[in-house]
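Protein chains in written order, with numbering that gives the first Met the number 0: chain A, 0 to 123; chain B, 0 to 220.
Simulated from the structure, these hints should not be mistaken for laboratory data. Where is the CB? At the ideal position from N, CA and C, for every residue including glycine. Certain hints may be false.
Here are the simulated SDA-like pairs of lysine to any residue, each with C-alpha atoms no more than 25 Å apart in a straight line [as the list claims (entries may be wrong)]: (1) K8/B to S37/A; (2) K23/B to A103/B; (3) K148/B to N95/A; (4) K8/B to L3/A; (5) K151/B to M81/A; (6) K8/B to H134/B; (7) K24/A to V7/B; (8) K92/A to C72/A; (9) K92/A to D178/B; (10) K209/B to M177/B; (11) K92/A to T193/B; (12) K52/A to Q2/B; (13) K24/B to G216/B; (14) K148/B to A34/A; (15) K1/B to L23/A; (16) K24/B to E213/B; (17) K113/A to I6/B; (18) K151/B to P89/A; (19) K192/B to E84/A; (20) K1/B to Q44/A; (21) K1/B to L61/A; (22) K52/A to G91/B; (23) K192/B to L3/A; (24) K151/B to L23/A.
What follows is a list of derived Cβ distance ranges for each label pair [claimed, not checked]: (25) D48/A to N190/B: 42 to 48 Å; (26) H49/A to E202/B: 47 to 53 Å; (27) I124/B to F63/A: 16 to 22 Å; (28) C91/A to K151/B: 38 to 44 Å; (29) N74/A to G101/B: 29 to 35 Å; (30) H71/A to D26/B: 33 to 39 Å; (31) E57/A to N190/B: 46 to 52 Å; (32) E82/A to K209/B: 37 to 43 Å; (33) S93/A to E213/B: 30 to 36 Å; (34) K192/B to Q15/A: 37 to 43 Å; (35) I39/A to P143/B: 43 to 49 Å; (36) N74/A to G90/B: 45 to 51 Å; (37) K209/B to K24/A: 34 to 40 Å; (38) Q19/B to T100/A: 24 to 30 Å.
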Amino acid sequence: MHELSVTESLLAIVIQSAKENHALKVTDITLSIGALSSIIDDSVQFYWDHISKGTIAEEAILHFNRIPAVLHCLNCDTEFTMEDELVPCPNCKSINIEIITGEEFQVDHIEIRKEENNTDETTS
Amino acid sequence: MKQRVEIVKRILDSNEQLAQQNRKKLDDHGVFAINVMASPGAGKTTFILQTIARLPKDIHLGVMEGDTAPVTIDSDKIVAAGMPAVQINTGGDCHLDANMVGLALDEFDLDEINLLLIENVGNLICPASFVLGNHANILIASVPEGDDKPYKYPNIYRNIDVLIINKVDLLPYIDFRMDYFRQGVEMLNPNLKTFEVSAKTGEGFDGWIKWLQEKVGNIQE
Ligand SMILES: Nc1nc2c(ncn2[C@@H]2O[C@H](COP(=O)(O)OP(=O)(O)OP(=O)(O)O)[C@@H](O)[C@H]2O)c(=O)[nH]1
Ligand SMILES: [Mg+2]
Ligand SMILES: [Zn+2]
Chain A
0 MHELSVTESL
10 LAIVIQSAKE
20 NHALKVTDIT
30 LSIGALSSII
40 DDSVQFYWDH
50 ISKGTIAEEA
60 ILHFNRIPAV
70 LHCLNCDTEF
80 TMEDELVPCP
90 NCKSINIEII
100 TGEEFQVDHI
110 EIRKEENNTD
120 ETTS
Chain B
0 MKQRVEIVKR
10 ILDSNEQLAQ
20 QNRKKLDDHG
30 VFAINVMASP
40 GAGKTTFILQ
50 TIARLPKDIH
60 LGVMEGDTAP
70 VTIDSDKIVA
80 AGMPAVQINT
90 GGDCHLDANM
100 VGLALDEFDL
110 DEINLLLIEN
120 VGNLICPASF
130 VLGNHANILI
140 ASVPEGDDKP
150 YKYPNIYRNI
160 DVLIINKVDL
170 LPYIDFRMDY
180 FRQGVEMLNP
190 NLKTFEVSAK
200 TGEGFDGWIK
210 WLQEKVGNIQ
220 E
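Please take these sequences and the hints and turn them into a complete structure.
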């Protein structure tokens, strides 16, 4: 589906912030992807392997932080997780619900390698 | 030595920035723009044509037609109906993005129109993630697609301002539980403005045209 455009945007963001931080190499990338965002990890990974070739982010490992779709019933205050399809509140059957998490779709952080003699090192 | 760099940035941030530029351009020219989304064959083009047939005199329309291939079937129909249309070929992409729309905007004389309808690529998943800079999102759901669509494709129902339920002339022939369908929509997008129409017969269009007139009137004030 649209994972190619998504992965291209991801690469642009990663390279920009790697450059701003004088990285030699990007080794790890952590993404938060909500269950409702309709992004498939496998295809992001597939496109990533292709389009990151020859960039400083080549071979960086993608870590997918999958965030479940958590719903909140405004009628009885129950919190529940949406599995495959949307359902009314399992406790009181109300359809008066709000979505708490699951729509995330962002880059959280990257791990970079810098020049050896750099002093402002912070390992994680 | 390794270092962690915090970013916390939405992945489609650059698309969102381009969308803001589109919005500014539309606002500067007093053009109200609507992103029309639906699955393939839901009746987007027929709906736009029926809208054209009923267009009040004070609305001057332009249409963008998004397709994955370089076909002009849809835009030819719009031009034949007497309206300016620009075809956008996404080159296989399953959605329009803000960049494509920005380029197509340059092909219109924006001082000549006050309403822009953007027919997105027929798809219920991808267009939901790409903002374009338009003022309102509408989804056309059609009766033959089935009444379970809000439950299976919740994402697209979240960020729409108007829902059009099309092909209601087919209700007698299809098992479509309107209550069940609308209950799913209510969970995702409470109090959503909804019009039940037939783009074929024109049934239900009065309410939609009135809504349009109100919006176009507001942006021009
Ligand atoms: N019975 C009935 N048929 C309709 C209605 N609206 C559209 N159709 C038919 O549905 C088919 C598809 O309509 P289009 O307007 O081409 O649909 P579309 O969403 O633009 O399709 P794509 O651009 O190919 O994704 C055509 O055969 C239309 O005549 C309606 O309200 N009732
Ligand atoms: Mg069409
Ligand atoms: Zn409840």
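Checked hints:
With a C-alpha separation of about 18 Å, the suggested pair K8/B and S37/A falls inside the 25 Å cut-off, and the hint holds. Among the hinted pairs, K23/B with A103/B is consistent with the structure: their alpha-carbon atoms are about 15 Å apart, no more than 25 Å. For the proposed pair K148/B and N95/A, the alpha carbon gap of about 19 Å is at most 25 Å, so the pair holds. Taken as a hint, the K8/B and L3/A pair is honoured in the structure, with Cα atoms around 18 Å apart against an allowance of 25 Å.
A hinted pair counts as satisfied when its Cα atoms are at most 25 Å apart, and K151/B with M81/A qualifies at roughly 12 Å. Of the supplied pair hints, the one linking K8/B and H134/B holds, its CA atoms being roughly 24 Å apart against a limit of 25 Å. Distance check on the hinted pair: K24/A and V7/B sit about 19 Å apart at the alpha-carbon level, within 25 Å; holds. Taking the CA atoms of K92/A and C72/A, the gap is near 9 Å; set against the 25 Å cutoff, the hint holds.
For the hint linking K92/A to D178/B, the alpha-carbon distance of about 15 Å falls within 25 Å, and the restraint holds. At most 25 Å may separate the alpha-carbon atoms for a hinted pair to count; K209/B and M177/B meet this at roughly 23 Å. The straight-line distance between the Cα atoms of K92/A and T193/B is roughly 23 Å, inside the 25 Å bound, and the hint therefore holds. Restraint check for K52/A and Q2/B: the C-alpha separation of about 22 Å stays at or below 25 Å, so the hint holds.
Simply put, K24/B and G216/B have alpha-carbon atoms about 18 Å apart, close enough for the 25 Å limit, and the pair holds. A C-alpha spacing of about 17 Å is found between K148/B and A34/A, which places the hinted pair at or below 25 Å, so the restraint holds. Restraint check for K1/B and L23/A: satisfied, since their Cα atoms lie roughly 10 Å apart, inside the 25 Å limit. For the hint linking K24/B to E213/B, the alpha-carbon distance of about 21 Å falls within 25 Å, and the restraint holds.
Between K113/A and I6/B, the direct Cα distance comes to roughly 17 Å. Compliance with the 25 Å bound is thereby established for this hinted pair. As the CA atoms of K151/B and P89/A are separated by approximately 18 Å, the hinted pair is consistent with the 25 Å bound. In summary, the hint linking K192/B to E84/A is supported, as the alpha carbons are separated by about 23 Å, within the 25 Å threshold. Restraint check: the Cα-Cα separation between K1/B and Q44/A comes to about 23 Å, which is no more than 25 Å; the hinted pair holds.
Between K1/B and L61/A, the direct Cα distance comes to roughly 16 Å. Compliance with the 25 Å bound is thereby established for this hinted pair. For the proposed pair K52/A and G91/B, the alpha carbon gap of about 23 Å is at most 25 Å, so the pair holds. For the proposed pair K192/B and L3/A, the alpha carbon gap of about 33 Å is over 25 Å, so the pair is violated. A hinted pair counts as satisfied when its Cα atoms are at most 25 Å apart, and K151/B with L23/A does not qualify at roughly 44 Å.
A beta carbon spacing of about 45 Å between D48/A and N190/B agrees with the range 42 to 48 Å that was offered as a hint. Range check, H49/A to E202/B: Cβ separation about 49 Å, and the 47 to 53 Å hint holds. Distance hint for I124/B and F63/A: a CB-CB separation of about 18 Å, consistent with the stated range 16 to 22 Å. C91/A and K151/B have their C-beta atoms about 24 Å apart, which leaves the hinted 38 to 44 Å range violated.
Distance hint check: the CB atoms of N74/A and G101/B are about 43 Å apart, inconsistent with the given range 29 to 35 Å. A C-beta distance of roughly 35 Å is found between H71/A and D26/B, which places it inside the suggested range of 33 to 39 Å. Evaluation of the 46 to 52 Å hint for E57/A and N190/B yields a pass: the beta carbon distance comes to about 49 Å. Roughly 41 Å separates the CB atoms of E82/A and K209/B, a value that falls within the hinted 37 to 43 Å.
For the pair S93/A and E213/B, the beta carbons lie near 32 Å from each other, so the given range of 30 to 36 Å is met. Between K192/B and Q15/A the beta carbons are some 39 Å apart, a value that agrees with the proposed interval 37 to 43 Å. Under the hint 43 to 49 Å, the C-beta atoms of I39/A and P143/B, about 27 Å apart, miss the expected range. Separated by about 47 Å at the C-beta atoms, N74/A and G90/B satisfy the suggested range of 45 to 51 Å.
K209/B and K24/A have their C-beta atoms about 59 Å apart, which leaves the hinted 34 to 40 Å range violated. Distance hint check for Q19/B and T100/A: the Cβ-Cβ separation is about 26 Å, which falls inside the suggested range of 24 to 30 Å.
When the structure is compared with the earlier hints, violations turn up for hints 23, 24, 28, 29, 35, 37 and for no others.
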